[in-house]
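Just so you know, the protein sequences line up as chains A and B, in that order.
All residue numbers for the first sequence refer to this note's numbering, where the first residue is 1 and numbers rise by one.
All residue numbers for the second sequence refer to this note's numbering, where the first residue is 1 and numbers rise by one.
For the record, the hints were derived by calculation from the structure and aren't laboratory data.
In this text, all values refer to a predicted model and were calculated from it rather than measured experimentally.
Among these hints, one or two may not hold up.
The list treats identical chains as interchangeable, and a pair is accepted whether it falls inside one copy or across any two copies.
[Claimed, not checked] Here are the simulated lysine to aspartate or glutamate pairs, EDC-like style, with alpha carbons at most 16 Å apart: (1) K51 with D367; (2) K348 with E402; (3) K224 with E132.
Protein chains: 2
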Amino acid sequence: MAGEFIDSLILKNDKKIVFLVMDGLGGLPLPGGDQTELEAASTPHMDALAKKSICGLLDPVGDGITPGSGPAHFALFGYDPVKTKVGRGLLSATGVDFPMTPRDVFMRVNFATIDKGGVLVDRRAGRIPTEETERLCRKLQERVRLASAATANVEIFFRPEKDYRAVIALRGDDLGEEVEETDPQQTGLPPRPPLALAPAATRTSAILTELLAQVKEILSDEPKANMILMRGYAKYQQFPSMVDRFGLNPLAIANYPMYRGIARLVGMQVNPLTHTLAEEIGALEENFPRYDFFFLHVKHTDSNGEDGNFAGKVKVIEEVDTLLPRITALNPDVLVVTGDHSTPATLKSHSWHPVPALLAAPTCRPDRVEQFGERACLQGGLGRMPMANLMALALAHAQKLEKFGA
Amino acid sequence: MAGEFIDSLILKNDKKIVFLVMDGLGGLPLPGGDQTELEAASTPHMDALAKKSICGLLDPVGDGITPGSGPAHFALFGYDPVKTKVGRGLLSATGVDFPMTPRDVFMRVNFATIDKGGVLVDRRAGRIPTEETERLCRKLQERVRLASAATANVEIFFRPEKDYRAVIALRGDDLGEEVEETDPQQTGLPPRPPLALAPAATRTSAILTELLAQVKEILSDEPKANMILMRGYAKYQQFPSMVDRFGLNPLAIANYPMYRGIARLVGMQVNPLTHTLAEEIGALEENFPRYDFFFLHVKHTDSNGEDGNFAGKVKVIEEVDTLLPRITALNPDVLVVTGDHSTPATLKSHSWHPVPALLAAPTCRPDRVEQFGERACLQGGLGRMPMANLMALALAHAQKLEKFGA
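Extracted from the complex, chain A is given alone in its bound form (with noise of 0.2 Å):
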């Protein structure tokens, strides 16, 4: 049902969808404990929110799967997380607000260190700032000139990312993405050629072999950053987007870069940077009249768990209640608050655990869910579902979808 069948069903109205999504919100107890994460938080908002909702725990992709946060926001935005590919270089590159074209080649490019040899010795330079990578992209910017006959009419672009981390975009003809990485994934040896791994690919090839002689050259006077490193080769891709798949008029508040790019790319307006979940909830309030679905990100709640801190995730989970009462103020026709997939700490990284969702409406059965966490949800009236079916429960509940058949 994730596919594109309910499309064919949508009615359009004016009721409202918030998603409130906690990154990595499922969890573990700590070893000898027996609460996740949700579970020891303190959170009386989302309790009385899990006693008029129906619960459950999604599935970002499958049994034992353990999304990125690439197939897991798919999912939850409604597309198969499976069939949905999207290059990293690509979803990099929508999320730095880069204004892409149809004739575009993005790869993901690290700042690295090589030694006189050209052997990689660091493959993030020492993890150098995020100013640092913005002023090696301005250099990299002025002094790339590519002339030879293979690299005519083709425009380059550098852009930072987060910290060591830039995105490279190749405009052009005939050009590919299917070319070897050049990062060998580890030090003590020197990075690899950019070989084209398909025909369609050669003349990208040819490019990026110019352009990495050039790079050498010009970085050679950086004490830290003297290479740089290629992977995730994506070309340009159309999705449909929500507009037109749902009839939604769609707000992305989020705040880190892959997130905004994965709401663009299902065609979501992406609201400005705010710097705090209080400003990320100033932002739904303000733009509530004007959209008619709402994904609002909060970060902190996964970054703890992949950082190992329980209680910080807690913490973050308890403020996330705390300002709670001000979205159910806003008396969204649906609320939905789950998470993309699990982060739990003691694991400290992504995991395939179930993820505990509520979903409020007026048209919810009862079930017999009386606080929001992973072991009451099992008891929800959602059961255990693919995280890709919850938008057509929400579009449901928002009276979104007619009837199918006669």
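Position chain B against the provided structure of chain A, taking the given hints into account.
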């Protein structure tokens, strides 16, 4: 599993399966209430049965999808509700016991009112009663004469349905179903011409154009029903039958045309019309030795739901409960009690909510469900499952499915 997979595992035996289907059974509490129609109803016999059964919640089509009666019943009978498409005209034709042939095209007809300028003023001709529609169909059957070159060797049949609705069948060669509907879906416009939408329907379009001119002339002296509107064109279509797929000898006990029609499409014998629920159960008792699958359809749960009559729906459920001992006294090997979809009285329409179900058989593994209701079924041994998989479970509990693989 709803597909043809189980068909290859069929074992024939004498065991008997009964599907007691309360149309639109699933519900919601009244505003401010806490119990659905089924939960509010006093159902001691269903509750006793639930204790000995496995219970669960069935999704007719998928999360968030509100099914029409057609897809919902196909799912109940073990047919994929999305892939099994049947045109509305064909469904109507089966529902009026029309003896179909592979050369037929069917369409659904509304009697309607047009003004002197030919503009539609009432799409339902003042909702004329069935008897009027019967008279009008006889009148048209007697007087329409297709006589041009374009209509050579074409037969036409007019059959009344309920109220202002009728079915027309065209029988001949080179007929197609790709014809524009003549119902403009709103008053103030003239009926649309039956234009061909594909080359295969060119001849059909010509025939219908000639037919409509005659119908308009013949009905011109009628005070209300002076025109017809046509839609739901559908060629004859053969479905794999429950006899061939499951080795069953099935009987449908249902009194509304659509359900009788669907039952015929999947190869069931259809019991003559009865008038009360008690008579339906009488028909079950009488025919019990002669068939091994029984579909017993209760309509008024749905019609009360559609009317927004919570108490009325409760009462119908209680009436079914009172009569349930007559069914259990027959000692069927497998007894399923469920609905085809939800029709909450608060919504006055079909809805997407999953449908409570119980399956009683000596081979049921105990679960913890002590009464028959939506919330209780959440704890049941069936869990939440696709409705189309129910038939496989019923066949399995009747020992009608062999082992898969060595």
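Right, here's what the structure says about each hint:
For a Cα distance limit of 16 Å, the shortest separation of K51 from D367 inside one copy, 8 Å, qualifies, whereas the shortest one across copies, 20 Å, does not. For the homomeric pair K348 and E402, the shortest alpha-carbon distance between copies (14 Å) is at most 16 Å, but the shortest distance inside one copy (43 Å) is not. Taking CA atoms no more than 16 Å apart as the test, K224 paired with E132 passes inside one copy only; the shortest distance there is 10 Å, against 82 Å between copies.
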